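Peer 1: So the chains spell out like this:
Protein chains: 2
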Amino acid sequence: MSKPDKIKIGLLGLGTVGSGVYKLIEKQKDEFYKKAGADVEIVKILVHNMDKKREGVDPELLTDNWRDIIDNDEIQLIIEVMGGIEPARTMILEALHAGKNVVSANKDLIAEHGKELLDAAEERGVDFLFEAAVAGGIPIIRPLKQCLAANEIDEVIGIMNGTTNYILTKMFEDNMDFEEALAKATELGYAEADPTADIEGLDAGRKAAILASIAFHSRVVFKNVYTEGITKISAKDIAYAKEFGDVIKLLGVAHNTEEGIEVGVYPMMISQNHPLASVRDSFNAVFVHGDAVGDVMFYGRGAGEFPTASAVVGDVIDVVRDTQYHCTGRISCTCYRTTPVKDFKNVKNKFFLRMQVDNKPGVLASIAMVFGVHKVSITKVMQKEACENDGVAELVIVTEAVKEYQMLDSMEHLKDMETIREISSVIREY
Amino acid sequence: MSKPDKIKIGLLGLGTVGSGVYKLIEKQKDEFYKKAGADVEIVKILVHNMDKKREGVDPELLTDNWRDIIDNDEIQLIIEVMGGIEPARTMILEALHAGKNVVSANKDLIAEHGKELLDAAEERGVDFLFEAAVAGGIPIIRPLKQCLAANEIDEVIGIMNGTTNYILTKMFEDNMDFEEALAKATELGYAEADPTADIEGLDAGRKAAILASIAFHSRVVFKNVYTEGITKISAKDIAYAKEFGDVIKLLGVAHNTEEGIEVGVYPMMISQNHPLASVRDSFNAVFVHGDAVGDVMFYGRGAGEFPTASAVVGDVIDVVRDTQYHCTGRISCTCYRTTPVKDFKNVKNKFFLRMQVDNKPGVLASIAMVFGVHKVSITKVMQKEACENDGVAELVIVTEAVKEYQMLDSMEHLKDMETIREISSVIREY
Numbered sequence: 001m002s003k004p005d006k007i008k009i010g011l012l013g014l015g016t017v018g019s020g021v022y023k024l025i026e027k028q029k030d031e032f033y034k035k036a037g038a039d040v041e042i043v044k045i046l047v048h049n050m051d052k053k054r055e056g057v058d059p060e061l062l063t064d065n066w067r068d069i070i071d072n073d074e075i076q077l078i079i080e081v082m083g084g085i086e087p088a089r090t091m092i093l094e095a096l097h098a099g100k101n102v103v104s105a106n107k108d109l110i111a112e113h114g115k116e117l118l119d120a121a122e123e124r125g126v127d128f129l130f131e132a133a134v135a136g137g138i139p140i141i142r143p144l145k146q147c148l149a150a151n152e153i154d155e156v157i158g159i160m161n162g163t164t165n166y167i168l169t170k171m172f173e174d175n176m177d178f179e180e181a182l183a184k185a186t187e188l189g190y191a192e193a194d195p196t197a198d199i200e201g202l203d204a205g206r207k208a209a210i211l212a213s214i215a216f217h218s219r220v221v222f223k224n225v226y227t228e229g230i231t232k233i234s235a236k237d238i239a240y241a242k243e244f245g246d247v248i249k250l251l252g253v254a255h256n257t258e259e260g261i262e263v264g265v266y267p268m269m270i271s272q273n274h275p276l277a278s279v280r281d282s283f284n285a286v287f288v289h290g291d292a293v294g295d296v297m298f299y300g301r302g303a304g305e306f307p308t309a310s311a312v313v314g315d316v317i318d319v320v321r322d323t324q325y326h327c328t329g330r331i332s333c334t335c336y337r338t339t340p341v342k343d344f345k346n347v348k349n350k351f352f353l354r355m356q357v358d359n360k361p362g363v364l365a366s367i368a369m370v371f372g373v374h375k376v377s378i379t380k381v382m383q384k385e386a387c388e389n390d391g392v393a394e395l396v397i398v399t400e401a402v403k404e405y406q407m408l409d410s411m412e413h414l415k416d417m418e419t420i421r422e423i424s425s426v427i428r429e430y
Numbered sequence: 001m002s003k004p005d006k007i008k009i010g011l012l013g014l015g016t017v018g019s020g021v022y023k024l025i026e027k028q029k030d031e032f033y034k035k036a037g038a039d040v041e042i043v044k045i046l047v048h049n050m051d052k053k054r055e056g057v058d059p060e061l062l063t064d065n066w067r068d069i070i071d072n073d074e075i076q077l078i079i080e081v082m083g084g085i086e087p088a089r090t091m092i093l094e095a096l097h098a099g100k101n102v103v104s105a106n107k108d109l110i111a112e113h114g115k116e117l118l119d120a121a122e123e124r125g126v127d128f129l130f131e132a133a134v135a136g137g138i139p140i141i142r143p144l145k146q147c148l149a150a151n152e153i154d155e156v157i158g159i160m161n162g163t164t165n166y167i168l169t170k171m172f173e174d175n176m177d178f179e180e181a182l183a184k185a186t187e188l189g190y191a192e193a194d195p196t197a198d199i200e201g202l203d204a205g206r207k208a209a210i211l212a213s214i215a216f217h218s219r220v221v222f223k224n225v226y227t228e229g230i231t232k233i234s235a236k237d238i239a240y241a242k243e244f245g246d247v248i249k250l251l252g253v254a255h256n257t258e259e260g261i262e263v264g265v266y267p268m269m270i271s272q273n274h275p276l277a278s279v280r281d282s283f284n285a286v287f288v289h290g291d292a293v294g295d296v297m298f299y300g301r302g303a304g305e306f307p308t309a310s311a312v313v314g315d316v317i318d319v320v321r322d323t324q325y326h327c328t329g330r331i332s333c334t335c336y337r338t339t340p341v342k343d344f345k346n347v348k349n350k351f352f353l354r355m356q357v358d359n360k361p362g363v364l365a366s367i368a369m370v371f372g373v374h375k376v377s378i379t380k381v382m383q384k385e386a387c388e389n390d391g392v393a394e395l396v397i398v399t400e401a402v403k404e405y406q407m408l409d410s411m412e413h414l415k416d417m418e419t420i421r422e423i424s425s426v427i428r429e430y
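If you read the sequences in order, they're chains A and B.
UniProt numbering puts the first residue of the first sequence at 1, with every later residue one more than the last.
UniProt numbering puts the first residue of the second sequence at 1, with every later residue one more than the last.
Calculated from the structure, these hints are not laboratory results.
A hint or two may mislead.
Listed below are the simulated EDC-like cross-link pairs for lysine to aspartate or glutamate, each with C-alpha atoms no more than 20 Å apart in a straight line [claimed, not checked]: (1) A/35 / B/291; (2) B/34 / A/394; (3) B/29 / A/152; (4) B/27 / A/155; (5) A/23 / B/291; (6) B/34 / A/291; (7) A/232 / A/258; (8) B/8 / B/74; (9) B/348 / B/422; (10) A/23 / B/154; (11) B/29 / B/39; (12) A/34 / B/119; (13) B/35 / A/155; (14) A/29 / B/154; (15) A/236 / A/291; (16) B/27 / A/152; (17) A/34 / B/152; (18) A/34 / B/123; (19) A/35 / B/154; (20) B/34 / A/152; (21) A/184 / A/194; (22) A/27 / B/119; (23) A/53 / A/30; (24) B/34 / A/122; (25) A/27 / A/58; (26) A/223 / A/343; (27) A/342 / A/112; (28) B/27 / A/194; (29) B/384 / B/422; (30) A/27 / B/152; (31) B/27 / A/258; (32) A/232 / A/112; (33) B/35 / A/152; (34) A/236 / A/343; (35) A/29 / B/152; (36) B/27 / B/55; (37) A/35 / B/119; (38) A/345 / A/412.
Bear in mind the structure is a predicted one, so any value in this text is a computation, not a measurement.
Just chain A, with the same shape it has in the complex (with noise of 0.2 Å):
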């Protein structure tokens, strides 16, 4: 069996990641052959746009033509960093049917296609690799893959999404409102022009769907997961949540429970002793529990150029590894199981509530009744007066864990009480 010099490399974008990626690959090229056996190249690079001016990339390997890559023999290794749905899964699937090796970053397009594009991999003996897909430069696809193989895990949780980490660290430590710290956030580059895949929990619950299928070992994509933003957490919620000993950070939630899959992204309040609520401005962190091993965690950036860069070319080392032992294809697709997800409704979870109610006697009893009703039991009571002595005071409920639907049916009711003013917020506690 003959063991090629160099591996010959296709890219597929040069944004932010692509650069880093070239760069990278550019920074380790002496180390390469030490490292897996055999030197790499990058001899095509896949741009939209011909005419921008790329620093430091020999103009002759751009390319705009996707053919000039995919009839190429001689490129074994795609690396795809162009994000997005398509053309990427189109290209990505005409490479695993030519034999040809992949590594992405693209979590939109391993949380919706996963199964397609790992079924591909699979039938032609060849290794797609997606390290970077979740939480950036952190390794926890691998860790999950092999390291922790001989565990049942039953939870992974975590902080998936930098720039919300952010903004609530901001929140938290130096009191910011959330606007004023999405600006700051716009302004360091954390946040993007459009923020909304951020800030409403989007991108978070592609990573939540991603990291679910491999650790219960059954396909969840991005619809099944539940996800809520962080835009109407408030100060005052952060104030709660300092004086219950908590912070507030934005979760991913995967557990693998008897009646199925749970999955979801939404603002949780964490107690200040777990390991995740230390995990402070734009990093990320992957907390998992296993049978065996019990509580790991993985901390580092989730995000960001050289980061995301650092996965995959931690992934293109391990395909020319592969390559040169001739056993490309050797973890695929780890999803032997199909095991339901829950219907979020039926999640249980422990609730903070905080609502603005008429200061008189009697509404506390109607609404821990309205409770009573659909079975909600209450753990915690607190009331402040308003600051303007308007008879409205403010009430915070803490319950129980109860199903979804049980709180939603309760709002229902209580938004129809007159003696409620307003339900200012609701969120789930750890």
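Based on the hints, put chain B in the right spot on chain A.
Peer 2: Chain B only, in chain A's frame:
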């Protein structure tokens, strides 16, 4: 190429870790094929004492004769969980020479004879994996060798011993003194009857040697590691740490510098904002800095029956997969450099010094002069009068980063001064 349906395993050792491995493999029996492409079966277990009753283990499997295992050609994989240098070393070498794959959790052995074992594995093209040897259940070796392989890593620091972290946590959080916390650790089974290897930093030192070797691609052995334990840490030191916003942790510290590798284990004051500071009780964590990925941290259980078994059986799954793909030996020794290890005397650190001095004018000036002579800059000085007014004051000095020999020389000088009654502590600062 044929793929066996079942991989036969010889298990060396049936102590805490060994029986964890046995139970975990039994528990995962039905999953193995789906996870690794073949079933596994433990066909022989080497034990010292054949008469001891072993709950749940078929007595037919037990042997006290190594030849029953090494001479059995059907056994393709040896799991070594006996610990200690000999006979583990000889057995593993024999197994590797015989073309058997080996999984080991033996840090003492690998920290001293890692090169010999990895060379033997490479020669025969078999796997020698040891994820469990460092930080128990925490995935760290595979992440370093694969996920982070694209990085130039310049720093690995970590809490690599659970016993001492438990003791320091109790001292910090519950104001226990060292002896009381050690007694508590012994009572809970965290500390062994002879706790020397833990409390003197030897256990952590072995792990630091292994991690430095992998992170910096250059062999570091245990005798290269400077070690200092936690027996001299007092409640007073902890109180000062709190005052400074720090905690005291026993850290394994490895740096790759232009002048060589620095590696040691010693207690350090580290900011409460550092991710390692929130690692409590018997948990371990390893913090890594790479040029591309930035900061990453791996957190979890560093010891114990099932956490360690989790790592061992994760390696077993990998060996089985490699066997099925005929690519054993795919990832072997990654020490392709020969970087010298620096003499510890030339390593730079900041120091915290606590001393009892005569409470009279001119003392501080004379101490400062000594430091001046040795070119040690002082960044902080605090003086507190002792409770009993016996003319003694407690003086605390914090220095800039200086080479160890500068501090040693200064200490020699200070010890001779009549105005200094006692040098109570010398603790490095991160």
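Peer 1: Indicate, hint by hint, whether the structure satisfies it.
Peer 2: Evaluated hints:
1. For the proposed pair residue 35 of chain A and residue 291 of chain B, the alpha carbon gap of about 16 Å is at most 20 Å, so the pair holds.
2. Of the supplied pair hints, the one linking residue 34 of chain B and residue 394 of chain A is violated, its CA atoms being roughly 55 Å apart against a limit of 20 Å.
3. The hinted pair formed by residue 29 of chain B and residue 152 of chain A meets the criterion: a straight-line CA distance of about 12 Å does not exceed 20 Å.
4. Distance restraint check for residue 27 of chain B and residue 155 of chain A: the Cα-Cα separation of roughly 19 Å lies within the 20 Å cut-off, and the hinted pair is therefore satisfied.
5. Restraint check for residue 23 of chain A and residue 291 of chain B: the C-alpha separation of about 12 Å stays at or below 20 Å, so the hint holds.
6. For the suggested pair residue 34 of chain B and residue 291 of chain A, the alpha carbons sit about 18 Å apart, so the restraint of at most 20 Å is met.
7. Taken as a hint, the residue 232 of chain A and residue 258 of chain A pair is broken in the structure, with Cα atoms around 33 Å apart against an allowance of 20 Å.
8. A hinted pair counts as satisfied when its Cα atoms are at most 20 Å apart, and residue 8 of chain B with residue 74 of chain B qualifies at roughly 6 Å.
9. Of the pairs offered as hints, the one joining residue 348 of chain B and residue 422 of chain B is violated, with about 24 Å between alpha carbons and a cut-off of 20 Å exceeded.
10. Among the hinted pairs, residue 23 of chain A with residue 154 of chain B is consistent with the structure: their alpha-carbon atoms are about 19 Å apart, no more than 20 Å.
11. With a CA separation close to 7 Å, the supplied pair residue 29 of chain B and residue 39 of chain B stays within the 20 Å bound.
12. A distance of roughly 16 Å separates the Cα atoms of residue 34 of chain A and residue 119 of chain B; the hinted pair therefore holds under the 20 Å criterion.
13. For the hint linking residue 35 of chain B to residue 155 of chain A, the alpha-carbon distance of about 19 Å falls within 20 Å, and the restraint holds.
14. The straight-line distance between the Cα atoms of residue 29 of chain A and residue 154 of chain B is roughly 18 Å, inside the 20 Å bound, and the hint therefore holds.
15. Among the hinted pairs, residue 236 of chain A with residue 291 of chain A is inconsistent with the structure: their alpha-carbon atoms are about 38 Å apart, more than 20 Å.
16. Between residue 27 of chain B and residue 152 of chain A the CA atoms are separated by roughly 10 Å; this keeps the pair inside 20 Å, and the hint holds.
17. A distance of roughly 13 Å separates the Cα atoms of residue 34 of chain A and residue 152 of chain B; the hinted pair therefore holds under the 20 Å criterion.
18. Under the criterion of a C-alpha separation no larger than 20 Å, the hint pairing residue 34 of chain A with residue 123 of chain B is consistent with the structure, at around 17 Å.
19. Straight-line distance between C-alpha atoms of residue 35 of chain A and residue 154 of chain B comes to about 17 Å, which keeps the hinted pair within the 20 Å bound.
20. Annotation: proposed proximity of residue 34 of chain B to residue 152 of chain A holds, straight-line Cα distance about 13 Å (limit 20 Å).
21. Distance hint between residue 184 of chain A and residue 194 of chain A is fulfilled; the C-alpha atoms sit about 14 Å from each other, no more than 20 Å.
22. Of the supplied pair hints, the one linking residue 27 of chain A and residue 119 of chain B is violated, its CA atoms being roughly 29 Å apart against a limit of 20 Å.
23. Annotation: proposed proximity of residue 53 of chain A to residue 30 of chain A is violated, straight-line Cα distance about 27 Å (limit 20 Å).
24. A hinted pair counts as satisfied when its Cα atoms are at most 20 Å apart, and residue 34 of chain B with residue 122 of chain A qualifies at roughly 14 Å.
25. About 15 Å separates the Cα atoms of residue 27 of chain A and residue 58 of chain A, which keeps this hinted pair within 20 Å; it holds.
26. A C-alpha spacing of about 12 Å is found between residue 223 of chain A and residue 343 of chain A, which places the hinted pair at or below 20 Å, so the restraint holds.
27. Between residue 342 of chain A and residue 112 of chain A, the direct Cα distance comes to roughly 18 Å. Compliance with the 20 Å bound is thereby established for this hinted pair.
28. A distance of roughly 48 Å separates the Cα atoms of residue 27 of chain B and residue 194 of chain A; the hinted pair therefore is violated under the 20 Å criterion.
29. Restraint check: the Cα-Cα separation between residue 384 of chain B and residue 422 of chain B comes to about 15 Å, which is no more than 20 Å; the hinted pair holds.
30. A distance of roughly 10 Å separates the Cα atoms of residue 27 of chain A and residue 152 of chain B; the hinted pair therefore holds under the 20 Å criterion.
31. Note on residue 27 of chain B and residue 258 of chain A: the hinted pairing holds, with a Cα-Cα distance of about 18 Å set against a maximum of 20 Å.
32. Simply put, residue 232 of chain A and residue 112 of chain A have alpha-carbon atoms about 28 Å apart, too far for the 20 Å limit, and the pair is violated.
33. Using a Cα cut-off of 20 Å, the hinted pair residue 35 of chain B and residue 152 of chain A holds, with the two alpha carbons roughly 12 Å apart.
34. Proximity of residue 236 of chain A to residue 343 of chain A is assessed by CA-CA distance (about 31 Å); at most 20 Å being required, the pair is judged violated.
35. Annotation: proposed proximity of residue 29 of chain A to residue 152 of chain B holds, straight-line Cα distance about 12 Å (limit 20 Å).
36. A hinted pair counts as satisfied when its Cα atoms are at most 20 Å apart, and residue 27 of chain B with residue 55 of chain B qualifies at roughly 15 Å.
37. With a C-alpha separation of about 16 Å, the suggested pair residue 35 of chain A and residue 119 of chain B falls inside the 20 Å cut-off, and the hint holds.
38. For the suggested pair residue 345 of chain A and residue 412 of chain A, the alpha carbons sit about 14 Å apart, so the restraint of at most 20 Å is met.
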